[in-house]
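J.: Residue numbers (UniProt numbering), protein chains in the order written: chain A, 1 to 300; chain B, 1 to 300.
Because the hints were derived from the structure by calculation, they are not lab data.
These numbers come from a predicted model, not from an experiment.
One thing to keep in mind: the hints can contain errors.
Copies of the same chain look alike in the list, so a pair counts if it fits in one copy or across any two.
[Stated by the list, open to error] DSS-like cross-link-like pairs, simulated, lysine-lysine; straight-line CA separation at most 30 Å: (1) Lys4 with Lys161; (2) Lys226 with Lys6; (3) Lys226 with Lys254; (4) Lys236 with Lys257; (5) Lys112 with Lys254; (6) Lys90 with Lys236.
2 protein chains.
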Amino acid sequence: MTNKAKSVGVIGLGSMGMGAAKSCINAGLDVYGFDLNPKALEELSLAGAKAVSSSALDFAEQLDAVLVLVVNAKQVNAVLFDSGLAAALKPQTAVMVSATISAEDAKAIHQKLSQYQLLMLDAPVSGGAAKAATGDMTVMASGSLEAFEKLQPVLDATAAKVYNIGEEIGLGATVKIIHQLLAGVHIAAGAEAMALAARANIPLDLMYDVVTNAAGNSWMFENRMKHVVDGDYSPKSMVDIFVKDLNLVADTAKELKFPLPLSSTALNMFLSASNAGFGQEDDSAVIKIFDGINLPGVEK
Amino acid sequence: MTNKAKSVGVIGLGSMGMGAAKSCINAGLDVYGFDLNPKALEELSLAGAKAVSSSALDFAEQLDAVLVLVVNAKQVNAVLFDSGLAAALKPQTAVMVSATISAEDAKAIHQKLSQYQLLMLDAPVSGGAAKAATGDMTVMASGSLEAFEKLQPVLDATAAKVYNIGEEIGLGATVKIIHQLLAGVHIAAGAEAMALAARANIPLDLMYDVVTNAAGNSWMFENRMKHVVDGDYSPKSMVDIFVKDLNLVADTAKELKFPLPLSSTALNMFLSASNAGFGQEDDSAVIKIFDGINLPGVEK
Chain A
1 MTNKAKSVGV IGLGSMGMGA AKSCINAGLD VYGFDLNPKA LEELSLAGAK
51 AVSSSALDFA EQLDAVLVLV VNAKQVNAVL FDSGLAAALK PQTAVMVSAT
101 ISAEDAKAIH QKLSQYQLLM LDAPVSGGAA KAATGDMTVM ASGSLEAFEK
151 LQPVLDATAA KVYNIGEEIG LGATVKIIHQ LLAGVHIAAG AEAMALAARA
201 NIPLDLMYDV VTNAAGNSWM FENRMKHVVD GDYSPKSMVD IFVKDLNLVA
251 DTAKELKFPL PLSSTALNMF LSASNAGFGQ EDDSAVIKIF DGINLPGVEK
Chain B
1 MTNKAKSVGV IGLGSMGMGA AKSCINAGLD VYGFDLNPKA LEELSLAGAK
51 AVSSSALDFA EQLDAVLVLV VNAKQVNAVL FDSGLAAALK PQTAVMVSAT
101 ISAEDAKAIH QKLSQYQLLM LDAPVSGGAA KAATGDMTVM ASGSLEAFEK
151 LQPVLDATAA KVYNIGEEIG LGATVKIIHQ LLAGVHIAAG AEAMALAARA
201 NIPLDLMYDV VTNAAGNSWM FENRMKHVVD GDYSPKSMVD IFVKDLNLVA
251 DTAKELKFPL PLSSTALNMF LSASNAGFGQ EDDSAVIKIF DGINLPGVEK
């Protein structure tokens with residue numbers, strides 16, 4: 001008998017979870033989808049899910065593995081423990097926790113899962129909705145060899161690249177948080193640069209073109225400052241997500257007693273944007289904290 | 001008779017100037033090379049320069065164009081005006097000023113060149129020594145159509161991409177400075193992220209690998225944090241260059257009365273590194289401002 005999972009329950013069918021769940025279907029796994037949004041359930045059902053439900057408890061016995069793709073630690077705890085799911089899962093079921101959470105939260109969740117003899121992979125993901133849809137996410141994971149082995153079919157189905165950071169739960173979370181430090185600072189830096197360009201009467205499309213063809217480029221600049229050039233702040237990923245993630249960075253720094261001059265500045269910029277009413281807009285809307293400039297599609 | 005330059009004097013044969021001068025030779029232009037370093041003169045002479053000298057004044061009459069690739073505005077003024085060169089050049093000679101300088105300095109230089117009926121292109125470059133060597137620099141230029149036309153053979157020979165920002169002298173300088181804002185913040189952010197990873201006991205080569213395969217990547221992270229992973233701080237580009245360039249960013253912000261929270265923080269990080277004795281090391285040595293961590297190749 002193989003240890004590898006044949007069935008997986010995906011909890012959280014947002015843009016990432018939906019893509020991951022469909023990738024698992026495409027890879028031949030038995031997929032169960034769970035979300036509170038009936039439209040998402042219908043979409044996954046049509047895509048070939050074995051079953052869908054608003055509660056994972058309904059199918060706990062059928063699952064070899066669980067992939068949790070919700071927003072934060074509070075939601076992870078709600079879907080795994082408050083719901084009663086952990087108690088209902090078969091012993092040795094492997095739970096892949098892919099929310100962006102702190103190392104401390106990851107360790108606490110691991111401890112609780114262990115009480116039910118459940119395996120855990122601390123496995124945050126990166127790549128956005130597009131990579132999730134094609135099964136090409138980047139996964140930065142830590143956990144036991146057992147957990148890696150059992151989840152290998154899920155990792156194969158959803159990820160182009162899997163980093164094994166080590167056995168210690170919390171390392172995966174920390175790597176993701178350090179990654180988010182860079183992502184957040186790069187968006188804020190892009191906004192600062194484009195705001196200065198606007199103030200200096202440099203055409204923003206030209207500034208964008210120069211940077212994306214030179215050494216000042218970043219993945220985030222290229223992706224997010226396009227929204228500024230187009231004046232389109234409809235949320236692909238929201239300002240408030242980076243308020244959350246840069247707060248996780250700050251928590252990590254506090255825990256390690258480590259100074260982070262740029263990240264703390266970037267957090268304040270996203271906080272200012274959220275406080276000014278832009279929390280639900282695209283994260284590129286952090287540029288709206290700058291006054292005295294004209295931006296495409298923004299009325300003053 | 002064509003207006004395009006057939007001969008060009010390249011002043012400043014450092015890594016960028018040497019590459020540009022050789023690219024001009026390869027393109028069939030008559031190239032005159034000027035530098036205080038006799039080794040650089042010998043290298044360019046062997047590469048096929050028409051003539052080389054420590055003083056451009058010796059060949060002023062032969063030049064249709066001048067490409068100035070020195071370090072700062074003070075040096076630009078020294079080689080063009082203090083030396084007597086501007087007075088000796090033929091009227092309508094086109095001077096391409098490619099140092100990274102402020103818009104104000106560019107305008108002042110333009111005014112002085114105009115007094116001698118010389119054309120000017122405000123034309124900072126990007127791409128590093130490698131791109132200069134292959135004639136693939138990025139040029140962000142502003143100036144008159146006449147200046148663009150006369151310098152076209154030089155631009156064709158040295159640049160893969162030429163941005164025409166407009167006619168107003170100073171726009172080229174400003175675009176370059178905004179580009180440097182991003183480059184400097186990205187190096188400092190990379191250092192902050194890698195320092196935090198070191199503190200959290202994440203292997204730095206793995207952290208580097210994750211970031212360079214995910215959305216947190218930047219051109220500078222990929223290029224400079226490799227030096228940190230390798231523990232090699234031999235200067236490709238020095239900490240003190242970013243002290244200079246981020247001070248130009250600060251001057252620009254002051255002139256435009258514009259707040260730059262991230263750039264001013266990054267400037268302080270490079271200043272701290274320079275003040276601690278790392279000014280002549282590779283700019284990635286900004287990571288050495290962080291205490292309480294172990295870095296490859298760095299003894300504490």
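J.: All the hints need checking, so say for each whether the structure fits it.
T.: Verification of the hints:
Proximity of Lys4 to Lys161 under the C-alpha cut-off of 30 Å is restricted to the intra-copy arrangement: shortest distance 19 Å within a copy versus 52 Å between copies. Within a single copy, Lys226 and Lys6 get their C-alpha atoms no closer than 41 Å, and across copies no closer than 40 Å, so neither meets the 30 Å cut-off. For the homomeric pair Lys226 and Lys254, the shortest alpha-carbon distance between copies (27 Å) is at most 30 Å, but the shortest distance inside one copy (34 Å) is not. When the C-alpha separation of Lys236 and Lys257 is checked against a cutoff of 30 Å, the pair qualifies neither within a copy, at 33 Å, nor between copies, at 32 Å.
Taking the closest pair of Cα atoms, Lys112 and Lys254 come within 30 Å of each other only inside a single copy of the chain (24 Å); across copies the shortest separation is 54 Å, beyond that limit. In this assembly of identical chains, the alpha carbons of Lys90 and Lys236 never lie at most 30 Å apart, being 37 Å within a copy and 57 Å across copies at closest.
Checked against the numbered hints above, the structure breaks hints 2, 4, 6 and satisfies the rest.
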